[in-house]
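Trainee: Chains A and B supply the protein sequences, listed in that same order. For the first sequence, our numbering gives the first residue as 196, with consecutive numbering after it. For the second sequence, our numbering gives the first residue as 196, with consecutive numbering after it.
Honestly, the hints are just simulated from the structure, not real lab data. Warning: the hint list may mix true and false statements.
In this list, chains with the same sequence are indistinguishable; a pair is considered to hold if it fits within one copy or across any two.
The calculated lysine-lysine pairs, modelled on DSS-like cross-linking and capped at a C-alpha distance of 25 Å, are [unchecked claim]: (1) LYS628 <-> LYS299; (2) LYS597 <-> LYS223; (3) LYS564 <-> LYS332; (4) LYS576 <-> LYS619; (5) LYS467 <-> LYS521; (6) LYS434 <-> LYS226; (7) LYS576 <-> LYS597; (8) LYS223 <-> LYS361; (9) LYS611 <-> LYS299; (10) LYS332 <-> LYS521; (11) LYS350 <-> LYS271.
There are 2 protein chains.
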Amino acid sequence: MNIILLSGGSGKRLWPLSNDIRSKQFIKIFKTQTEEYESMVQRVYRQIIKADPSATVTIATSKAQVSSIHNQLGEKAGISVEPCRRDTFPAIALATAYLHDVRKVSEDEAVIVCPVDPYVEDDYFTALKELGAQAAKGQANLVLMGIEPTYPSEKYGYIIPADSHKVSPVSTFKEKPDVRTAEAYIRQGALWNGGVFAYKLNYVLDKARELIGFADYQSLFDRYETLEKISFDYAVVEKEPAIQVMRFAGQWKDLGTWNTLTEAMEESSIGKAMMDEDCQNVHVINELDVPVLAMGLQDVVISASPEGILVSDKGQSSYIKPFVDKIDQQIMFADKSWGSFRVLDVETESMTIKVTLNAGHRMNYHSHKNRDEVWHVISGKGRAVVDGLNQEIEAGHVISMKAGCRHTVIAETELKLIEVQLGKDINVHDKEKFSLG
Amino acid sequence: MNIILLSGGSGKRLWPLSNDIRSKQFIKIFKTQTEEYESMVQRVYRQIIKADPSATVTIATSKAQVSSIHNQLGEKAGISVEPCRRDTFPAIALATAYLHDVRKVSEDEAVIVCPVDPYVEDDYFTALKELGAQAAKGQANLVLMGIEPTYPSEKYGYIIPADSHKVSPVSTFKEKPDVRTAEAYIRQGALWNGGVFAYKLNYVLDKARELIGFADYQSLFDRYETLEKISFDYAVVEKEPAIQVMRFAGQWKDLGTWNTLTEAMEESSIGKAMMDEDCQNVHVINELDVPVLAMGLQDVVISASPEGILVSDKGQSSYIKPFVDKIDQQIMFADKSWGSFRVLDVETESMTIKVTLNAGHRMNYHSHKNRDEVWHVISGKGRAVVDGLNQEIEAGHVISMKAGCRHTVIAETELKLIEVQLGKDINVHDKEKFSLG
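This is chain A alone, in the form it adopts within the complex (with noise of 0.2 Å):
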């Protein structure tokens, strides 16, 4: 089974939790049967592998996310990244023309497509794989998945399928409709269209080329910039008249609010929380290091990290994106492909940062114009490079370093440390990168 996984957006519904860094997909939130949390790239990714253990799982992104996958997936998934957003056509047939020309998939073997982020359960795997072997059948350029509807939801567009079959011929597609409308498109037996279908990769691959025009993977890498804007339903869906629909009835949820996020909870809380009797429906999630107190609330989600404090009746959350739009602040914490760091301290002329990172990871050799800064080794051991000069760290070690001077450290166990930073403009695109020779 090939699969694209795309993997959108900045998570500004999420908001603190998800920031203009960490998308709403990479939030560990679900438990596991070890007791663990994951995301909800990690828990797809894992379904993805319990069903089908040789699966070729690509994500589709762009390339401020590829830290946080390689953060949480290691190097176990393909990525796909997108040198900019150009919208779902571009972005599938630069993740096809990877397939085939990175991943070595033939041309005659089925794709299939899905977003990242539904919260669905191991029975939608199955559907992929269904939805995969119809479409290497080839009865149709496009296999779709139509989902039964739950509810009259205005969230995404219509299917209505030629006959009641699990697969038909699609009659048309309905764009996003009133309420009022889709309950008339669910009497006539529409399905909603959840962006999942499947096809032969050389079907994609010939669009591609008939659209765009381009040799191999590579060569449509480096003029990504220069691509239209465009749709995948908008320049391939619409316009393909052999496409079939397969029914799915199984749960599909869209985990895009704190609302709908917190329904797929198992516990009521994450992290250190404490609630009186009186709560009612109430959910923290809390990545502080201090604990919140809940008393006396009902249909309330409380969410707390190092960017701010979201107190918000549920039904409510949905609506949170405009005020965070508001908020104009650093970015206050990120993963990392080597581990993560969180801002302890901005001051005009200064910024204290907690840097983790895993073992036998290094960040980058870098250099700042405008900051010096001082690392303190507060745990574990490794080696610091500074102006190429190697020197074995550990708790306690300080090193110091002017602006322009060269660094970076290797941790050879996990390895944390806090960087005092100091100058008078102290900004994140104040960095230049070096290889280490």
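Given the structure of chain A, go ahead and fit chain B onto it with the hints provided.
Mentor: Structure of chain B alone, referenced to chain A:
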């Protein structure tokens, strides 16, 4: 006017803004005319001086609060420090002896005692002056303020006056009643006993000499720990036949819970906060550097500090104490006489702290047995003394101190530093103080 302000208690009911070392009277929550915020202590001191610029103000309190008082009032108010807590009779006796022996108040002058924390307006201080003047007349040994009740409270004792004049002999005292009994008292013309009273200095001095037996302030201070815990009401008031009550009909609010405290706030939020239009009767008090977003809430208080986050229905907030008692966490921030500190990060064998020293102030010269420390100066100028050696310091300087080494910082301007502590048993009690020679 000689005023003794009784400043008691730890502040669990106003967690997370109060903690074991910051009592509620030090929370800066009241907006002043200059758009700054002041605490209960600062507000009441300002109001007293406005009513009587030459007032002698003495705060009777424990050692734990001395730093906070100096931080908020400087050296303006006298402090009668109780070496340990021994209830109100020993506290008032000690403060009265302090007034006599240290502040040289004569035995014939009136002294007014009142709690530091009721929320009152200027008319209250006019009433305090009248209370003192009435005590100075010598018609009675004690003159109590009788507060006209605004509702049948279960929180106060009641005073039944003998007549309905402004100044009346006391007929009887009543213990804290239930609501129905309180209603009956109020129908009889009862007044709240707010613990506000005046006496001629020698009256309490004589009582204290009679009941405790001591030579002067210093000798009473030295044997304070040996004194019996006994309330002023029980030791003095209940046995005194010559008592008058003076009516007070102005505002007198006890701001002991989040519910009552938020009623006294001029605006719906302090600190970084956003609310949507559906929030009704919501108050946010946010001492963190990151925003709180409240959506669709009614009758809720949200309070955030480095200690934690409270989200509570306002009515429910008075039941907070047992939950806060369960929190087993070190102090995360504190105001000191020399400035303040805030814990930024806690690990098993390290702690990172931000220290702010006010201009002209210094911390104690001290050492630690079990931890090394490093200071990173992030702003300001001053002088560090490390094992007797002086060095000028400014932003960018790094000073390392091994366990056992004596150290202090003297701030010339406001000085901020990041302190990284490293050791196997980091503990606030691991501190030995020295004189700076």
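Trainee: Any hints this thing doesn't respect? Which numbers, in order?
Mentor: 1, 2, 3, 6, 8, 9, 10 and 11
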